[in-house]
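Trainee: The listed protein sequences correspond, in order, to chains A and B.
Add 855 to a position in the first sequence, counting from 1, and you land on the number used in our numbering.
Add 374 to a position in the second sequence, counting from 1, and you land on the number used in our numbering.
Please keep in mind that the hints were generated in silico from the structure rather than gathered at the bench.
Any given hint might turn out to be false.
[Said to hold, decoys possible] Over the 12 Å line for every Cβ pair with chain A, so calculated as not near, a few chain B residues:
1) Phe385
2) Gly397
3) Val435
4) Arg456
5) Asn514
6) Gln609
7) Arg639
8) Ala669
9) Gln673
[Stated by the list, open to error] Short derived list, chain A residues pointing at chain B, Cβ under 10 Å:
10) Ile997
11) Val1001
12) Phe1002
13) Glu1006
14) Glu1073
15) Val1076
16) Ala1081
17) Gly1083
18) Arg1088
19) Arg1092
20) Arg1096
21) Ser1101
22) Leu1171
23) Pro1173
From a predicted model like this one, the values you see are computed outputs, not experimental measurements.
A virtual CB, placed ideally from N, CA and C, is assigned to each residue, including glycine.
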Amino acid sequence: MFLAIIQRLWQMLFVMFGISVLVFLIFFATPGADPASRIAGRGASAEILEAVRKSFGLDQPIYVQYFTMMKKIFITGDLTSFVNRGWKVVPAVLDTIPVTISLVMGAAILWVVFSMIIGTVAAATKDSWLDRSLMILGLIGISMPVFWLGEVMNLVTQSRFHDTWMFSWVPPLGYKNFIDGPKAWFLTLVIPWITLAILYIGLYGRVLRANLIEAMQEDYVRTARAKGLSETRILLRHALRTSLISFVTLFGLDFGALVGGSALLTEVVFNLHGIGKLTYDALLNLDLPIIMTTVIFASFFVVMANAVVDVLYIILDPRVRKA
Amino acid sequence: MLEVKDLKVSFRSEQGLMRAIDGVSFNVGEGEILGMVGESGSGKTVSLLAVMGLINDPNAVIEGSIKFKGRELVGMSNAEMRKLRGREIAMIFQDPMTALTPVYTIGWQIAEQILAHEKISKSAARQKAIDLLAEVNIPNPADAIDRYPHQLSGGMRQRAVIAMALSCNPSLLVADEPTTALDVTVQAQILDLVRKLQRNHKSAVVFITHDMGVIAEIADRVMVMYGGRIVERGQRNELFLKPKHPYTKALLDSIPPLEGEKPKRLRAISGSPPSLLNRPTGCCFGPRCVFRFEACSVQPDLGKSGHAAACFLKGAQ
């Protein structure tokens, strides 16, 4: 077990190193990518360019630039923005992490619970009107783009129906810290959670239904029937239990990607300053230190999420355990 | 104990009604081992799945009568049937590799069946599972009980499946080709085991196989099935020594003899089994039969009792 964790940490370092080098090269060393001319602006004179290079350390050899940047991110923590000089990047990124984690965690809980219920109910009532309507609802959920759904949610809860009993509890957009008041934190996040979760509820519900129906054709389900078990028990203890293995794989990938910044659209629509929003803003004005830092943090979360999935695998599937 | 009368199982399909079982009648007495032979698609498994009430295809139509200890099973509610399944009638399946749920230990799976039918504590069920594993000759049962199916060999898994089937002392055990997926040496052990357990638990056994050798080894009485019908039935010795139906003869001819002159080529049965959609009128073995004559265009009946064959040939009846 201890060895496995060490191995996993090595793997994580390796992935983060690879990603950081790749991103660094894309922005600093691909032909035509000259950060100095970006900073200096269009039509800057050669002297100004030279001055910018010197000032930002871009005249150094490329590997020195890379290591200086890594040192500033991980050791001294004093990397500053290229655009807004003096703005410390690392604390800014760290500030966004609780926002994104709060958003994605809550949505994940919603989508796991509801997609399990929907997928199981649909599989149990296969081909009935209930199954069909659940699957159509799921398809609708998958088809609604999150930015559109978010805007509609805002329109309904923030303006049109805000003054009615239904949505008067919805606070204005923005994130409230959990420590400052769990209730406010919860209320601001309810609508974003639902918005983000709807797509995944539809997707996971449909995937789980298909997996369950496949599992119900397996030989071990026939054995379970021959044992005289009830259909409910067969569905939940035998079919669902084995179907969870692929469910968890999918979950790990999506969760990691969302924490790593894919929740961007939801964050923008609901004015949540999470890691996705920060990356997006940095990309707009090519603020390379921020991009580098968020990418490294994002890769850290993706790798972390996968590590958690591997642990879940070991719990769920005895075949993965080593003897 | 089990009386099957004129059982017919059909499946509605886009091409029309497919009749998988076409009027099968047989009895199983207490403590008896009945062997069922026939090639793939002859209806062996389907007829026993019908007995178990395990045909849950919405397109299946089951007609006829299946009486178990005087109770009619055809049309019995699912809840009633569930109380019989696993407790009174248990089943062993062909492929032990896939017959167990991969994510639970074998002990858990055996205890699950015991707990579903008996009111005993979890620890008592576990103890019973250990005893059962010992009974089916699994070494170190107290240790094996916490193993997952993938950690056991095929033979061991089949033993675990058998232990599970026996956990509630069923009066009827249905074995669907339990040795087909196993090595020959393991096959012999499993056959010995089934015979020993049948004596100890006094269960009746219906043993399905396509292997005449296995039938000769284990069965008291034999039923030969072809195209969804019984073509010959009789005591084992009678049937093996004096087969009446050309199909049975052909099956026996396809086994290489141990003594005497060896044939240059083994005799195979020409042609292929009838399609369920397009069964021939008359005797369904007719198109492949070397003794075919005019009378065969009518469906022959199986004699009422004793050693009988569904054939018009002289001496078959």
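Trainee: Hints first: check each against the structure and report whether it holds.
Mentor: Do the hints match the structure? See the list:
1. Phe385: holds (16 Å)
2. Gly397: About 25 Å separates B/Gly397 from the closest Cβ of chain A, which puts it past 12 Å; holds.
3. Val435: holds (19 Å)
4. Arg456: Label violated. Min Cβ-Cβ 5 Å, cutoff 12 Å.
5. Asn514: The assertion about B/Asn514 holds, with a minimum of 15 Å to chain A.
6. Gln609: The assertion about B/Gln609 holds, with a minimum of 29 Å to chain A.
7. Arg639: holds (37 Å)
8. Ala669: holds (42 Å)
9. Gln673: At roughly 33 Å from the nearest Cβ of chain A, B/Gln673 sits farther out than 12 Å, so the non-interface label holds.
10. Ile997: violated (29 Å)
11. Val1001: violated (34 Å)
12. Phe1002: violated (40 Å)
13. Glu1006: violated (43 Å)
14. Glu1073: holds (7 Å)
15. Val1076: Where the cut-off is 10 Å and the nearest Cβ of chain B is about 8 Å from A/Val1076, the hint holds.
16. Ala1081: A/Ala1081 check passes; min Cβ-Cβ to chain B is 4 Å, inside 10 Å.
17. Gly1083: holds (3 Å)
18. Arg1088: holds (8 Å)
19. Arg1092: With Cβ-Cβ at 8 Å, under 10 Å, it holds.
20. Arg1096: holds (6 Å)
21. Ser1101: violated (13 Å)
22. Leu1171: holds (7 Å)
23. Pro1173: With a closest approach of 4 Å, the A/Pro1173 hint holds.
In this structure, the earlier hints numbered 4, 10, 11, 12, 13, 21 are contradicted, and the remaining ones agree with it.
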